[in-house]
Structures are given as structure tokens and as C-alpha cells.
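Asker: Sequence:
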Amino acid sequence: MKRALAILCSIVLLVVSMSGCGEPGNANKTIRVKLSAEPATLDPQVAQGTDAATVITSLYEGLCRLDDSERAVPGVASSWEANSDSTEFTFHLRTDAVWNGSVSKLSGEDETDTKPTPVTAQDFVFAWRRALDPTTASPVCAAMMCIENAVQVHAGTLSTDKLGVTAKDSHTLVVKLRYSSPDFPSLTAQSVFMPCNEAFFKFAAGRYGMERASILGNGAFSIPNYGWEHDQSLTVKRTDTYVGETTALPSEIVFSIGDVSSTSSTDTASVASIADSTVSAQALDAVQAMTAGKIDVASLDVSMTAQAKKAGLTVTSFQDTTGGLCFNTQGTFRSAALRRAFVQVLNRSALLKLLPSGTKQADDILPPAVQFGGKAYRSQAGSGLYLKQSAAAATQGSSLWPKGKTVTLLCTKDTKPLASEMLANWNQAFKTYFSLNAVDESTLLSRVSTGNYDLAIYPYTPASADAYTALACFQSGQSGNFTQLKDTDYDRLLNGATVNSSSLAQAEKYLNNNAVFYPLYYTKHAYAAQSTLTGVLYRPFGGGLDLHNAGIED
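Quick note, the sequence shown lines up with residues -22 to -1, 1 to 532 if you use mature numbering (1 follows the signal peptide of the UniProt record, and there is no 0).
Do not take every clue at face value.
Straight line, CA to CA, 20 Å or less: simulated PhoX-like cross-link-like pairs of lysine-lysine [claimed, not checked]:
(1) K93 / K83
(2) K287 / K502
(3) K287 / K272
(4) K502 / K338
(5) K272 / K215
(6) K215 / K391
(7) K331 / K502
Source of the hints: derived by calculation from the structure; they are not laboratory data.
Quantities reported herein were computed from a predicted structural model and do not represent experimental measurements.
Using the sequences and the hints given, assemble the complete structure.
Answerer: Here it is as C-alpha cells:
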């Protein structure tokens, strides 16, 4: 009897051990992520910011994904090929790719239909046309301007059906580009390129992306019932309908919104005591929450890098942002001569001594990480393009300043020393009193993006590493154009028949010479994570986090 029982136990142990074969120990875990703010929408064609990008990447999948070297790998498209000059791409979609639910059941058309709706090439055509439709007013469509006729469609001079994207059949998508772009497949991993089912979009009736019930994704995760508690948290769980190159590793991801630290006064004091005085309460909250084991990963204020490392956290950062002086070109500073005067009276050498902690001097608008045609853009376009000081131009411009007129310079706490130096320069040059307003970063970003400012010290992060996309942000009519620039000469430089590194350099020089944006420093975006967290892909240029392969080591 004892021998039989021993044999039975051995068999049970063998079965249990075999059932775990091939599954890593860090799989099927809950990944806890702190968002800086709740996304206003999870509609991929209009959602802005790294927080939205992180959530959308878990809910949707584009034609391609990106690997840990930022190279395109199969997503919904299992393969693709380009013509000889990379101006036309043909993507072959997986025949087993599906939406996370039945559109006919979700819309109430057929309650008995439980079979997930297939993802088709037409879903991409509809999504891309919608993103570029001027009535959508997408603030994130600059990356699409490389597509044939995208500029004209976005301007409203061509109908959306003239956009250079067609569904050859249900699983073949053909994309034509304005110019050669070998890296185009990598762009399709961005949120704005995600598919959209037209029937479900119409069913959502203006609420698409706003609530769980108005979201239909095709990614490895979906939002369960009651999974989105506004202002508190958003939970996504791994689906059993997703079919891709790899199965998602986490069983669920919990995105926390707002204050999640809940640390003791001792924990709070220990972290706060080593923090810079300019660090926001939100930045402290993220580090405190990780120190207390409440979350696994969060964005990090770069000034907190040393403190995070000292607390035993893993820090990942990338230099993808240029900080500088920007003007609202549709207000007081409509005149390029006046803008030049404000830039050219500045004491640049004095300003460079006051750069925020952890930043590096910037002599160009586009940061070094930007590329064009698969090569570093700066090595092709040159550097040091910033507008140089000129007493003559400053004198000419100062005569344009309305007597008694005053404006306010918008900045953050960490750029306040820069702002103060600028004000001293302007007060002396224009014999007028100017003021500054130091606000938190979220307020600054909001006010600048909506045009509610005169001039500001602003951190510009391009929408992608592509140089054309970075410069297209300043085109007339672009919803993401934070300078409000409307300049036909600049538009012609970007929309010409030939697009190459030389034409892009001319466009960047134009922005400098017309004092649209005056570069001062390069800064980083950073994330802090628990040392046990593995497999997270950190995306520069606002791409957020890819948590598909995230795990936690025991």
C-alpha cells in the first residue's frame, strides 16, 4: 500500500513538473504601473502622451511591433516587402488576427454571434483615413505625413479616399509614400497607426475610446468589466483571443492613477530628504510608491535619477527632448523680426550656465537621436543651426515693440533661473517690465498645446525618431503645432517634390532663422522600475512602455 502511494505521489509530482515546462518563472504576474495622469481618451487616432501610448500598446496592435533595438518585427502583419526605392510597401496580414470580441454582438446586431471579428486591411485603411481627416483634428498625425497625399488630405484639399493606402484584399495592405522611407514599417508601431473597426466606431457614436464599452482592441490585453475606475485605476487582462508572434507574459496590468504612495511618514521623509527642491510632489510619489513596493514601474523626473538608484531602483533614460524658448506666433509675436529681436538680445553664454540639472547644451531643434533614412539626421544636416546673437537685428526688432506692452514668460520651477536671466536681458533691451509665471509641467504642457501663452520655455519631444515627422509638427494646420505657426514658405520647404536630408535641414534652419523655437538644452525622459521587473521595452519620443513581455522574478 505504501509503495503504491509512493508511486502515485511520484506520478503526480512528475505531471505537475511537466505542466510547468516551457513557462518561465516570471510569467503570469500582475504588473503595476503608475500613470502620470489618466488618459483623456484611448482612441489611438487622437490620444496624446506617453501614458495613453502605454495603455494603447497593451490594447491594440499595429502592422508592426518594435523589438528592443527599435526595429520593426511582425505585428498584425506577418511579413512585408518594399519596392526598390522604399516608396511603396505591401503588408501581408495574419489570417488569424482578430478583434477582442464580436462586433455584431457588441453592437447588439446579433447577440448570438460570439466569434471574434477578424482584423482586415480595411480596418487599417479606415483608421488612417480617419486620423488624417481634418474633421478629426488629430494632434498626433504628423508621423503620417510621409504617406502619399497625406498633406493634401489633412489640409482638406483632397478627399480621404485619395490617401495612399489601399486594401488590395482582406489581408493585403498597400501603402504608397511621398518619399523614400526604408524605416516606414517601424512607424506603424505608433498608436496613431493602429487599426479601427468602422462598424464598431460608428456604434460607439462619439464615445470611441472614452469608456470600456466603447473600446474594441486587437491586442494581447483587454479591459474587463469594471476595469476602468476613472481617476483611480485602469486594469487590463490578457485575452484568450489574441494570436501573435509571442504570447503576452503578464496575466494582467494594473495602471494606477493619482497618488499611490501611501507610504509611512518615515518612508516619505527618507525619500524627500534626498530630493531636489524643484521636484514635484508627483515625482516624489512615484519613487515613494516603488520604495514601498506599491508599484513596479513609473516615469521618473530626471532630477530624481540619483535618488531612485540610491533606493535600489533600475533607471532607464533616453535623450529625446529639446528644451528651448518658443513663441506663440499667432499672438503678440506674429512678427518674425520681433521674435528674432527677443532671441538675439539674449546672453546665450549666461543662459547656458543656468541649464536645468541633468541636461546638456543644445545647439539645434532636433535632438541627436533623430534619424532620417536609417541614419543619424544630425550627421547629414549638420549642427549648430541655432539663431546667433545680433545687436543690429535686436535694435531693429526693439523698435517694433508696442510702448507699454508687457508679456509673461511661462516656465517650470526647474527652468526658472533661465527665465529670470531672459527677463533681465529683455527688460534692459526693451526698457519694459516683463514677468514670468512658474507652473508645474502638466500645466505648462497644457497651456502651450492649446495656445494659451505668449512665450514659454518648453520641452519639445518629437512624435517619433523620424526627422520629417519632427519637423512636420510645425506645419500650418497641424493640431500638434504648439507654436501655432502658419507659414506658407515653411510649408513649401516640407511639401516640396523632393524630400531629403538637405531639404529637411533647410526647413530646420528656417525655424531657427525665424525664431520660432530657440534651442537651449537637451533633456531626457526616464523611467524607474523595481529590480525584479524584466522584459519591459522603454520607448523614446513619447512611445511609453511596451509591457507585452514584462515579467517579475521571484
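Asker: Each hint needs a verdict: does it hold in this structure or not?
Answerer: Status of the hints after comparison with the structure:
1. K93 / K83: holds, 9 Å
2. K287 / K502: holds, 16 Å
3. K287 / K272: Judged against 20 Å, a Cα distance of about 17 Å means the pair holds.
4. K502 / K338: Status holds; Cα separation ~9 Å.
5. K272 / K215: holds, 19 Å
6. K215 / K391: Violated, because 39 Å separates the two Cα atoms, which is more than 20 Å.
7. K331 / K502: Satisfied, since the Cα-Cα distance of roughly 18 Å is no more than 20 Å.
Of the hints listed earlier, the one the structure fails to meet is number 6.
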